[in-house]
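Trainee: Chain residues, written in single-letter form:
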Amino acid sequence: MPPRTPEALWQRLVDEAGEDLIEQAAAVSVAQAEKDLAAAGFDVAAERARAVARIAALESSRRR
Amino acid sequence: MLLLLPLLMAVAMGTDTLGRPLTDDEKKRFGALLREHDYPGARLVALRFAYKLTRSRVRAQDLMGRADLRLVRSGWDPREVPLVKRLCRLVWSEWTNVGSESETARKAEEGFVRELEITEGLKVAPPMRPRAADESKKAQAPEWAVPSHEHQVTVLETAHESRTKASAKLEKLRAAFEKAGDEVNILWLKLELEGVTDLNQMAEASGRAVTEFHAAAKRRKRAVQRLLASEQGVEWVEEES
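Protein sequence lines, in the order shown, are assigned to chains A and B.
For what it's worth, our numbering labels the leading residue of the first sequence as 4, then goes sequentially.
For what it's worth, our numbering labels the leading residue of the second sequence as 570, then goes sequentially.
Bear in mind the hints are in silico, worked out from the structure with no lab data behind them.
Honestly, I wouldn't trust all of these hints.
What the hints assert, rightly or not - To spell it out: a stretch of chain B is covered by chain A in this simulated footprint if at least three of its residues, at any positions, have a beta carbon under 8 Å from a beta carbon of chain A; those stretches are: (1) 601-609; (2) 612-625; (3) 645-655; (4) 737-747; (5) 760-770; (6) 774-780; (7) 792-806.
Each residue gets a CB set at the ideal place from its N, CA and C atoms; glycine is no exception.
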């Protein structure tokens, strides 16, 4: 087997380290996320509005 | 082609894939797709993940903003992965600097091209490899076939920098294993770099039980998570759930 490059090995380690964390994070319900974010001091309504505005900007785009 | 149309409409092509900005129609389709898959809700879940990683509201919002940009750049296929997971992956990718490093390299390359245009009066197309289905790109990026010396140097420097950074991180990881007395993972790291990737072969080569190498995987993931957090100036807290 050819030696593995440091970049490839580090990338694999980063990917592996993230697998479980991503699974756990993505499994959280929206309601729970809202609750946790509010507890951490986020303005949840503002964050939601930001996302809605982003969709609206995409949907109403006109090339200038 | 008509048969492909509904399929294409269900996929959000990214600007990196397209090699150009989105058209108005593509933006509308992207927006409709995000609406259909509850982007506002999915984004809140991803923002919670960003906060878990950064432990800071400001940094979490910045991280989420970068993940949002990456979504548009890299696109999204709902048949491959749910939106919430896609966003969480992008958050992780941005946080671990994988994305920003390639972004840095891309910006450096764009800067070089702009500089050439200004100082040399040259009009240089970005060096994109033409896709098989779009051979006409060859004409737009002739330097792909014969890269300039400067471009080759830039690519080599970027590759060298990337290797140096990766080596330094692996060395930090090895030091963490040493500090923890984790001999199996020290061995795993050494054998992986030598090209031995099969755990049975590792066990055979080291005279250790293969179960030891299986058990080491969990410790290794945690060590990498702690190292990544430390690099970002964050104290890593094990998952509470």
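Trainee: Could you run down the list of hints and mark each one as holding or not?
Mentor: Checked hints:
Proximity of the segment 601-609 of chain B to chain A, defined as three or more residues with a beta carbon under 8 Å from a beta carbon of that chain, is established by the 6 residues found. Requiring three or more residues with a Cβ within less than 8 Å of a Cβ of chain A, the coverage given for the segment 612-625 of chain B holds, as 9 such residues are present. Using a Cβ-Cβ cut-off of 8 Å, 3 residues of the segment 645-655 of chain B lie near chain A, which meets the minimum of three, so the contact claim holds. Using a Cβ-Cβ cut-off of 8 Å, 3 residues of the segment 737-747 of chain B lie near chain A, which meets the minimum of three, so the contact claim holds.
Counting residues of the segment 760-770 of chain B whose CB lies closer than 8 Å to any CB of chain A gives 6, so the stated coverage by that chain holds, three being the minimum. Counting residues of the segment 774-780 of chain B whose beta-carbon sits less than 8 Å from any beta-carbon of chain A gives 0, not enough to reach three: the coverage restraint is violated. For the segment 792-806 of chain B, the assignment as covered by chain A holds, since 3 residues bring a beta-carbon within under 8 Å of that chain's beta-carbons and 3 suffice.
Checked against the numbered hints given earlier, the structure breaks only hint 6 and satisfies all the rest.
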